[in-house]
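Those protein sequence lines, which keep their order, are chains D and E.
Position 62 of the first sequence, counting from 1, maps to 43 under the working numbering, and the rest follow consecutively.
Position 373 of the second sequence, counting from 1, maps to 728 under the working numbering, and the rest follow consecutively.
Mixed in with the good hints there might be a few duds.
[As the list claims (entries may be wrong)] Short, incomplete list of chain E residues facing chain D, as computed with Cβ under 8 Å:
hint, residue
1, L358
2, L586
3, I616
4, G630
5, T631
6, A639
7, F643
8, V652
9, L654
10, K709
11, R712
12, G732
13, Y734
[Claimed, not checked] Simulated pairs of lysine-lysine, DSBU-like, Cα-Cα distance not exceeding 35 Å:
hint, chain 1, residue 1, chain 2, residue 2
14, E, K623, D, K286
15, E, K536, D, K165
16, D, K352, E, K620
17, D, K339, D, K286
18, D, K69, D, K128
19, E, K491, D, K261
20, E, K620, D, K293
21, D, K222, D, K207
22, D, K59, D, K261
23, D, K216, E, K620
24, D, K314, E, K620
25, D, K314, E, K709
26, D, K370, E, K372
27, E, K372, D, K293
28, D, K261, E, K536
29, E, K620, D, K222
30, D, K165, E, K620
31, D, K222, E, K623
32, E, K620, D, K286
33, E, K623, E, K709
[As the list claims (entries may be wrong)] Computed far set for chain D versus chain E, every beta-carbon distance over 10 Å:
hint, residue
34, M8
35, E57
36, L137
37, E228
38, I262
Hints in this document: simulated from the structure, not taken from any laboratory.
In this text, a Cβ means the ideal position worked out from N, Cα and C, and glycines have one as well.
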Amino acid sequence: MTSLDTFRSETRAWLEENCPESMRTPMPEREMPWGGRNASYPNPDTKVWMDRMAARGWTAPEWPAEYGGGGLSKEENKILQQELAAIKARPALTSFGLWMLGPALLEFASEEQKKKYLGEIIRGEIRWCQGYSEPGAGSDLAGLQTKAEDMGDHYLVNGQKVWTSYADNCDWIFCLVRTDTTVKHDGISFLLIDMDTDGVEARPIKLISGASPFCETFLTDVKVPKENLVGELNKGWTIAKRLLEHERSMISGMGMGAGAASMGGMEVVAKESFGTDGEKIAEPSIRNAIADHKMDQQAFGLTLKRASEEAKAGQGLGATASMFKLYGTELNKRRFELLLDVMGTQALGWEGDEAFDKRELAVTRSWLRSKGNSIEGGTSEVQLNVIAKRVLGLPDA
Amino acid sequence: MALVLTEEQTMLRDMAKQFFTEQVPVTNLRQLRDDKDQDGYDKQVWQQIVELGFSGILIPEEQGGTGFGPIGLGIVMQEAGRTLAASPLYSTAILSAGLILAAGSEQQKAALLPQIAGGELLMAVAIEEGPHHNPKQIAMTAEKDGDAYVLSGDKRFVIDGHIADKLIVVARTSGAAGDDKGLSMFVLDADTDGVEITRTHMVDSRNAANVRFDNVKLSADQALGGIDAALPELESVLDLGRACLAAEMLGGIEAVFDSTIEYLKERKQFGVIIGTFQALKHRAAEMFCEVEICQSVVLDALSALDERRNDVPRAASLAKARLGDSARLITNEGVQMFGGIGMTDAVDVGLYLKRARVQAQMLGDTNYHRARYADLGGY
Chain D
-18 MTSLDTFRSE TRAWLEENCP ESMRTPMPER EMPWGGRNAS YPNPDTKVWM DRMAARGWTA
42 PEWPAEYGGG GLSKEENKIL QQELAAIKAR PALTSFGLWM LGPALLEFAS EEQKKKYLGE
102 IIRGEIRWCQ GYSEPGAGSD LAGLQTKAED MGDHYLVNGQ KVWTSYADNC DWIFCLVRTD
162 TTVKHDGISF LLIDMDTDGV EARPIKLISG ASPFCETFLT DVKVPKENLV GELNKGWTIA
222 KRLLEHERSM ISGMGMGAGA ASMGGMEVVA KESFGTDGEK IAEPSIRNAI ADHKMDQQAF
282 GLTLKRASEE AKAGQGLGAT ASMFKLYGTE LNKRRFELLL DVMGTQALGW EGDEAFDKRE
342 LAVTRSWLRS KGNSIEGGTS EVQLNVIAKR VLGLPDA
Chain E
356 MALVLTEEQT MLRDMAKQFF TEQVPVTNLR QLRDDKDQDG YDKQVWQQIV ELGFSGILIP
416 EEQGGTGFGP IGLGIVMQEA GRTLAASPLY STAILSAGLI LAAGSEQQKA ALLPQIAGGE
476 LLMAVAIEEG PHHNPKQIAM TAEKDGDAYV LSGDKRFVID GHIADKLIVV ARTSGAAGDD
536 KGLSMFVLDA DTDGVEITRT HMVDSRNAAN VRFDNVKLSA DQALGGIDAA LPELESVLDL
596 GRACLAAEML GGIEAVFDST IEYLKERKQF GVIIGTFQAL KHRAAEMFCE VEICQSVVLD
656 ALSALDERRN DVPRAASLAK ARLGDSARLI TNEGVQMFGG IGMTDAVDVG LYLKRARVQA
716 QMLGDTNYHR ARYADLGGY
């Protein structure tokens, strides 16, 4: 038996013993394990599962063990993910700290910062949100104006952030702030701010879907200790770009699955909605549209797979994050548009339980939510600009 | 690893790329076209292709081939597609060799495969009867007459039909158009009595022919594979052909994409490089994504064949359908972005546009494969 075989059998045995039964069932949104200081656990198993996984560092399997991570190799992590998938285990921890901030800290933070923040993230103790966009700085992110003034022993921060995901439930915010007003990209720094500090206020924004997953966050005379600066002063844009790549990879994953999956797949829904002609969906234009969409989806999945195989073989595809963000989010939007065509008026309910069932109502809301996919994390147009410039080498105007 | 080339495959690609770029550039096709070449392919080039072992890629070593398999074949076709290289590779080394390997008797294999690998024998496969690919709808009959069969009817769009020494014909020995059962394949010399081959001149300046069969008598031992039972083997080889065509189309769109991007960096209007215009940048970036997607579906289809996976039909239809769409998009965008000069015969992009349209029809266009993909998905 190779060491990987041993790792697999040990992992399987450990998961069998430690993953609570209820953590092997589909996860309702309200049971998502975001962690944090104010986390509530409607299902207590969520916390048990999170703590057990965190104790092994397996909420962050590939992070170094010295910071509390799992210290696993890529191959070992792949095995862990396969074994988790095999028992349909829920994620032990969902967190912007894990997906976005942590990888950036590993690359850019000081030793003290890594020791403090990575452990908190791994254990799900601190819930992070992202303070990037501002009312006047969306696609033109580097135009941000939130100011951090050097007051000797601390920074004094003033400004407004927007689209801060779940800020009203978060503990800390990682922020891009302006530390030099005379230059654009080279006047930005990366600052970590405790949201309990005086002067921080988050207000939820109501979206077209009716939900409020985003906030506007106001920063008024907020005093931030100087040791909360990550990387060098005025070098925050480099960190910001790297972190955006992590965010884009995360969002592009939304292009796969979900949506009609809860109803057994788009073709199953279409057969119910339009009837069948033999095995075929009775409405040919819908059948064609579904086949087109499924082909696009399969092709996209294959491209993700190819990129990961190429990365392992040491042949980088380059600027893939932008391509996947662009393609994945546009695909996701198209899927919901098609699903609405397939479901007709049954996908147009807003509330109530008489005319529409829960899954139908969820489709309506998800369709509306999907519109944001190609805006958040850099619009599709920004991704096209990035590809044109960095991959194709087309000149700036 | 299915979607990354091995070292051996990378070497083959580099070799093929160098060969087609240096020895068979697009000017080779222009020359054949402008000279109204009788054969429509360059015999010297074919000899070199044979010497490089490309004609025997599918054929096992013991029968004179190199046994490099479907991925190797796809790699060569992709590079040939980049320079629009005209050769009998597709008709002889892919479809005919594929059918003989899949359905042939030991005797047929021993007689034909070494000759194909050695480049001495050119073959063509006669399938189509109407303007759209649809093998199940084959109606041409091969009627049993004692121990023999009599072929009557017309075949169209027989690629390389007029240069072939031998033909493989798919005809109906029972049943009616649309039936799964009842199709049979036969091998015959192109100069058999009653066979009339007429070259057709296509928009891509490549080779195709119409073939008329007028009471052509065949002996039972000319059957390739079982009587009435050709469809499964035929489809499996057509899937190989589809994946290889998709690979050839990929080479074509890569060439158009590369040259279009270069042009965007050179051409000036309004005093600036046109590649600075966002209206063009975004379309260029979208094309880039399409090319990447196409590379994935082609490699997956070839890998599926290589690994004999059970989803070969789905992977082949995905590749052929996707490449049909993308080739249409990218060749049209190429012409548009080159502007007026893109409309001229002097620039290659128009040749790629024309070739892409013919390739799209070969072995089923996007509509055909979309419907097949849905059928295979059970909806």
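Going through the hints against the structure:
For the restraint placing E/L358 at the interface with chain D, the shortest Cβ-Cβ distance is roughly 4 Å, inside the 8 Å limit, so the hint holds. At its closest, the beta carbon of E/L586 sits 19 Å from a beta carbon of chain D; the interface hint therefore is violated under the 8 Å criterion. About 6 Å separates the beta-carbon of E/I616 from the nearest beta-carbon of chain D, less than 8 Å, and the hint is met. Because the closest C-beta pair between E/G630 and chain D is about 4 Å apart, less than 8 Å, the hint holds.
The beta carbon of E/T631 comes within 4 Å of a beta carbon in chain D, closer than 8 Å, and the hint placing it at the interface holds. Taken as an interface hint, E/A639 checks out: its beta carbon lies about 6 Å from the nearest beta carbon of chain D, inside 8 Å. With 8 Å as the threshold, the beta carbon of E/F643 comes within range of chain D, its nearest partner Cβ sitting at about 6 Å, so the hint holds. For E/V652, the interface hint holds, the least distance from its beta-carbon to any beta-carbon of chain D being 5 Å, beneath 8 Å.
For E/L654, the shortest C-beta to C-beta distance to chain D is roughly 7 Å, which falls under 8 Å, so the interface hint holds. This hint is violated: E/K709 has a C-beta 25 Å from the nearest C-beta of chain D, more than the 8 Å allowed. The criterion of a C-beta within 8 Å of any C-beta in chain D is not met by E/R712, whose closest approach is roughly 20 Å, and the hint is violated. Interface hint at E/G732: satisfied, since its Cβ lies 7 Å from the closest Cβ of chain D, which is below the 8 Å cut-off.
Taking 8 Å as the C-beta contact cut-off toward chain D, the hint placing E/Y734 at the interface holds, the least distance being around 4 Å. Straight-line distance between C-alpha atoms of E/K623 and D/K286 comes to about 39 Å, which puts the hinted pair past the 35 Å bound. Restraint check for E/K536 and D/K165: not satisfied, since their Cα atoms lie roughly 72 Å apart, outside the 35 Å limit. With a C-alpha separation of about 34 Å, the suggested pairing of D/K352 with E/K620 holds against the 35 Å cut-off.
Using a Cα cut-off of 35 Å, the hinted pair D/K339 and D/K286 holds, with the two alpha carbons roughly 33 Å apart. For the given pair, D/K69 sits about 46 Å from D/K128 by alpha-carbon distance, which is inconsistent with the 35 Å threshold. For the suggested pair E/K491 and D/K261, the alpha carbons sit about 18 Å apart, so the restraint of at most 35 Å is met. Among the hinted pairs, E/K620 with D/K293 is consistent with the structure: their alpha-carbon atoms are about 33 Å apart, no more than 35 Å.
Proximity of D/K222 to D/K207 is assessed by CA-CA distance (about 22 Å); at most 35 Å being required, the pair is judged to hold. The hinted pair formed by D/K59 and D/K261 fails the criterion: a straight-line CA distance of about 38 Å is larger than 35 Å. This hinted pair checks out: D/K216 and E/K620 have alpha carbons roughly 32 Å apart, not beyond 35 Å. Distance hint between D/K314 and E/K620 is fulfilled; the C-alpha atoms sit about 33 Å from each other, no more than 35 Å.
With a C-alpha separation of about 34 Å, the suggested pair D/K314 and E/K709 falls inside the 35 Å cut-off, and the hint holds. Distance restraint check for D/K370 and E/K372: the Cα-Cα separation of roughly 27 Å lies within the 35 Å cut-off, and the hinted pair is therefore satisfied. In summary, the hint linking E/K372 to D/K293 is supported, as the alpha carbons are separated by about 25 Å, within the 35 Å threshold. Taking the CA atoms of D/K261 and E/K536, the gap is near 22 Å; set against the 35 Å cutoff, the hint holds.
Taking the CA atoms of E/K620 and D/K222, the gap is near 26 Å; set against the 35 Å cutoff, the hint holds. For the hint pairing D/K165 with E/K620, the CA-to-CA distance comes to about 28 Å; that is within 35 Å, so the pair holds. With a C-alpha separation of about 32 Å, the suggested pairing of D/K222 with E/K623 holds against the 35 Å cut-off. Taking the CA atoms of E/K620 and D/K286, the gap is about 32 Å. The hint holds against a cut of 35 Å.
Restraint check: the Cα-Cα separation between E/K623 and E/K709 comes to about 27 Å, which is no more than 35 Å; the hinted pair holds. D/M8, annotated as away from the interface, keeps every beta carbon of chain E farther than 10 Å; the closest lies near 28 Å. D/E57, annotated as away from the interface, keeps every beta carbon of chain E farther than 10 Å; the closest lies near 18 Å. Distance check for D/L137 against chain E: the nearest CB is about 39 Å away, which clears 10 Å, and the non-interface claim stands.
Listed as outside the interface, D/E228 is consistent with that label: its C-beta sits roughly 19 Å from the nearest C-beta of chain E, beyond the 10 Å cut-off. With a minimum CB-CB distance of about 5 Å to chain E, D/I262 fails to clear the 10 Å threshold, and the non-interface call is violated.
In the structure shown, a violation is registered for the earlier hints numbered 2, 10, 11, 14, 15, 18, 22 and 38, in ascending order.
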